[in-house]
Amino acid sequence: MSAPASALRITQFGVETTAGVPVAANKLFSLLSVSPGEERTGYDTVRQLGTLVPVDVTGGYRWFSGDLEGPISTTDMLYVLSAAFGQVTGTQIMDGSTGTGAYRYQWTVSGNAVPNPKTLTLEVGQPGVTRVRAAGCQVTGLEISISTGEATVSGTVLGRTMTVDTTMTGSPTRLARAAIDPRFVYVRTAATVAGLGSATPLGRAREVSFSFGELVQAVPFLGADAVTLVPTADDTEFSLTLAADAEGRARFAEYDAGQLVYVRVTAQGPVIYSAGSTTVRHALIVTVPVRWSEASELAGDDEGIWTFELSGAIVEDGTLGGFAQIELVTTLATL
Amino acid sequence: MSALELYADVRGALMGDAVLDTLVTGIYADAAPESAAYPFVVIELAQVAEVPFLGNGSPIERVVVVTRVVDTDLERMSRVRGRIDDVMASLASGEAGQMIAVRKISQRVDAQVGRGTIERIDTAEHEFLLVPAETRR
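Line order of the protein sequences matches chains A and S. For my numbering, add 4 to where a residue sits in the first sequence, where the first one is 1. For my numbering, add 882 to where a residue sits in the second sequence, where the first one is 1.
A portion of the hints provided could be inaccurate.
Said to hold, decoys possible - Chain S is nowhere near these chain A residues, computed Cβ spacing over 12 Å in every case:
id, residue
1, 6
2, 49
3, 230
4, 264
5, 278
6, 335
As the list claims (entries may be wrong) - Here are the in silico distance ranges between beta carbons for each label pair:
id, chain 1, residue 1, chain 2, residue 2, range
7, A, 30, S, 988, 53 to 61 Å
8, S, 988, A, 202, 39 to 47 Å
9, S, 932, A, 171, 45 to 53 Å
10, S, 988, A, 56, 55 to 63 Å
11, S, 903, A, 298, 48 to 56 Å
Honestly, the hints are just simulated from the structure, not real lab data. We put the CB at the ideal spot given by N, CA and C, even for glycine.
Can you make the complete structure from the sequences, with help from the hints?
Here's what the structure looks like:
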């Protein structure tokens, strides 16, 4: 029998047809991993006068809570975003009448609408040793961080039910790797959504990060066999680290003026299609309306570069139709 | 201006400084000869690195120059160090609009046995940031 080894723990998943009903976890993330964990309510120790130690433990509810993290790959992100914000249909990008093999998925995420995430069955484990399986999984607490050194995503995977046994789903298919390249990450800001289309990318940006908040929580009901995942409100944040030059001063002026700023980060990866003047890359494009709320660092020192770090709330915006527009270009035609 | 041109300019500025010339017996690149008399200065090019930006924005070049003051007399070393810092700071205004910043990022004093006595080495790192003139903003 194999020894349980942390390094050999893999993360497989399957897309559920009915939320909470487990399916075969027949896919492997290309770059992401999930560390399994548990949350619970109840399970309190019971004490009784006359004894020096607890006499019992109460019943309660338990649910899966795993930490998702790793480099951004657009193929992984299709499932992560679907499990966070819902399933959308992909449209093939065409070069005239020629299919490029690249598919565009678009989410417009509003804080005024009840989210309907596509749930996943997750298996974390080592084949032949131990499997932790969670069903009805959604992603929340999504954070996307891109610097000149790395592009990463993290979040919490909440699952309604959890079992621990031995048999992982066999022969899973690994998603193709399509990692973001910081040399092809463009940060644009504008006073209007339309203005983003013609805005020149910032030339001195060092790091951006999006935090979309914990928008789902597990709630138990009496008599239910498992928790229910329900929407909840939380804070959002966008932060930008850039050189303290004209670009940094412009952001500070926006902060001074209390201006609503639209930010679009276009993060690209490998080429999917190239013909003539048409090149289509794997891409994750995130557009958010931001109101700066804090100049969290005015004396930053990043490899000798004097940097500003500004942070702000990602806000609900009628023009955008929500608090985020997310576009994904990848090679997967469907979930 | 390239990093090597900058290094040559810094060496030239230190070696050509009349005040520093009166304080030391010699200024050497990379290593001092065995015969060098106290106090003397050794200058080295310690690091050349590009600082990238997202989206392949024009990188800035980071150059670190190390100066070592070697002597047995701490007060005399202090005067030499002070003059070196002054010369370095005078370079901040730049040449051809390409040098945008210079600062001292570290300094320490070590002691070691050398030439039959306890000699002290005052080591300081100065950082220079260079940006191509056409992208300076």
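Each hint tested on the structure:
1. 6: holds, 42 Å
2. 49: holds, 51 Å
3. 230: Given that every Cβ of chain S is farther than 12 Å from that of residue 230(A), nearest at about 43 Å, it holds.
4. 264: Holds, because the least Cβ-Cβ distance between residue 264(A) and chain S comes to about 23 Å, which exceeds 12 Å.
5. 278: holds, 18 Å
6. 335: With a cut-off of 12 Å, residue 335(A) remains clear of chain S, as the shortest Cβ separation is near 23 Å.
7. 30(A) to 988(S): 53 to 61 Å: Taking Cβ atoms as reference, residue 30(A) and residue 988(S) lie about 55 Å apart, which means the hint holds.
8. 988(S) to 202(A): 39 to 47 Å: holds, 45 Å
9. 932(S) to 171(A): 45 to 53 Å: holds, 50 Å
10. 988(S) to 56(A): 55 to 63 Å: For residue 988(S) and residue 56(A) the Cβ distance comes to about 59 Å; the hint holds.
11. 903(S) to 298(A): 48 to 56 Å: holds, 51 Å
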